Amino acid sequence: MADSSKIGKEYAPVSWEVERGKIREMAKAIGDPNPIYQDREAAIKEGYKDIPVTPTFLTVPMMFSTSMPTVINDLKINFLMVLHGEEQYEYYQEIYPGDTITAVPKVVNIEEKTNKSGKKMDMVTIELLYKNQRGENVARARSLLVERK
Amino acid sequence: MANNLYFDDIKVGDAIPTLTKGPIAKLQHVMYAGASGDFNPLHTDDDFAKAVGMKDGVIAHGMLIMGFVGQAITGWVPKKCLRKFGVRFAGMTKPGNTITISGKVIDKKQEGGENLIVCEVVAQDETGDVKVTGSFSAALPMKG
Numbered sequence: 001m002a003d004s005s006k007i008g009k010e011y012a013p014v015s016w017e018v019e020r021g022k023i024r025e026m027a028k029a030i031g032d033p034n035p036i037y038q039d040r041e042a043a044i045k046e047g048y049k050d051i052p053v054t055p056t057f058l059t060v061p062m063m064f065s066t067s068m069p070t071v072i073n074d075l076k077i078n079f080l081m082v083l084h085g086e087e088q089y090e091y092y093q094e095i096y097p098g099d100t101i102t103a104v105p106k107v108v109n110i111e112e113k114t115n116k117s118g119k120k121m122d123m124v125t126i127e128l129l130y131k132n133q134r135g136e137n138v139a140r141a142r143s144l145l146v147e148r149k
Numbered sequence: 001m002a003n004n005l006y007f008d009d010i011k012v013g014d015a016i017p018t019l020t021k022g023p024i025a026k027l028q029h030v031m032y033a034g035a036s037g038d039f040n041p042l043h044t045d046d047d048f049a050k051a052v053g054m055k056d057g058v059i060a061h062g063m064l065i066m067g068f069v070g071q072a073i074t075g076w077v078p079k080k081c082l083r084k085f086g087v088r089f090a091g092m093t094k095p096g097n098t099i100t101i102s103g104k105v106i107d108k109k110q111e112g113g114e115n116l117i118v119c120e121v122v123a124q125d126e127t128g129d130v131k132v133t134g135s136f137s138a139a140l141p142m143k144g
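Chains as they are written, first to last, in this note's numbering: chain W, 1 to 149; chain Z, 1 to 144.
These are calculated hints, taken from the structure and not from any lab test.
Be aware that one or more of the hints could be misleading.
Claimed, not checked - Here are a few chain W residues that sit away from chain Z, every Cβ distance over 12 Å (derived from the structure):
#1 4
#2 5
#3 6
#4 12
#5 46
#6 54
#7 59
#8 70
#9 76
#10 94
#11 100
#12 112
#13 129
#14 136
#15 142
Unchecked claim - Listed next, the stretches of chain W that the computed footprint assigns to chain Z, with coverage defined by at least 3 CB atoms under 8 Å from CB atoms of chain Z:
#16 15 to 29
#17 102 to 108
Keep in mind it's a predicted model, so treat the numbers as computed, not measured.
Glycine included, each C-beta is placed from N, C-alpha and C at the ideal position.
Build the full structure now, drawing on both the sequences and the hints.
Below is the structure:
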């Protein structure tokens, strides 16, 4: 089961250099034809400085880093029993190609819940506040992991 | 996709434009795995998925479905207006599913000097089975 003494614990920072091609690749994988994610001129016409990242792009630094397995191991969560329960983003400013964004993963909550069928689950909330290379807050990501028991 | 949406014109209860995606092919799971960095074989390897209890094989990444919802949102409100976006993953999506995203405006409010609309969204398959529920808020300009 998740180790609740770890609430408040922080892990090694996740850092990611945002590339134009990776933004396009994410939009293409989703099948999102919006030209602002593909074409710099189209994005500028719509009031952006360059192509912005897609709304769910912040999953990329998390999934490509080694943070998630580290956090899951450290919290003694059974990897095979983990479900992604919720994902939430708050956006403070646009993230563009060339930006380097960095966040410290932090465990903000661990609680046990019982579902409708009476099964117990541990709910673990991990938060990452991303800053850009100028130290400005750009976005906050919060993931709820559910460990079935 | 320039949208001239104004806070004044939006009413609580207004529907957001629906978006239909799919049928989803296994190839899209592979593309999404590469794009996102989520290489859990549950999404790309039928043998692995069956071995961990998925009798029909692979399931889609939940975050792919959230990506569909993001497409629906920023196809309607400009991306730069989006302030918050959150979802709860409610059900598994399988290859062949067609996903429809719909939603409506549930609140209008002023916050931090901005005019915010708050909307709820849902992604369902062709049988009405709910895959993702969520909400978002966006800051819109006033006409005046």
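Coverage of the segment 102 to 108 of chain W by chain Z, judged on three or more residues with CB within 8 Å: violated (count 0)
Residue 112/W non-interfacial with respect to chain Z [C-beta, more than 12 Å]: 18 Å, holds
Beyond 12 Å on every Cβ pair: is that true for residue 129/W relative to chain Z? 14 Å, holds
Mind verifying the non-interface call on residue 94/W? Its CB should be farther than 12 Å from each CB in chain Z. 6 Å, violated
Could you check that no beta carbon of chain Z comes within 12 Å of the beta carbon of residue 4/W? Check passes; 22 Å lies beyond 12 Å.
At 12 Å, judged by beta carbons, does residue 46/W keep clear of chain Z as stated? Non-interface label fails for residue 46/W: nearest chain Z Cβ at 6 Å, not farther than 12 Å.
Just double-check residue 6/W for me: nearest Cβ-Cβ distance to chain Z has to come out over 12 Å. Check passes; 23 Å lies beyond 12 Å.
Minimum Cβ separation between residue 100/W and chain Z greater than 12 Å? 17 Å, holds
Status of the stated non-contact between residue 5/W and chain Z (beta carbon gap over 12 Å): 27 Å, holds
Is the Cβ of residue 76/W more than 12 Å away from each Cβ in chain Z? Since the minimum Cβ distance to chain Z is about 20 Å, residue 76/W lies beyond 12 Å and the statement holds.
Minimum Cβ-Cβ distance from residue 59/W to chain Z exceeds 12 Å: 5 Å, violated
Beyond 12 Å from every chain Z Cβ: check whether that's true for residue 54/W. 6 Å, violated
Consistency with the previously given hints fails for numbers 5, 6, 7, 10, 15, 17, ordered from lowest to highest.
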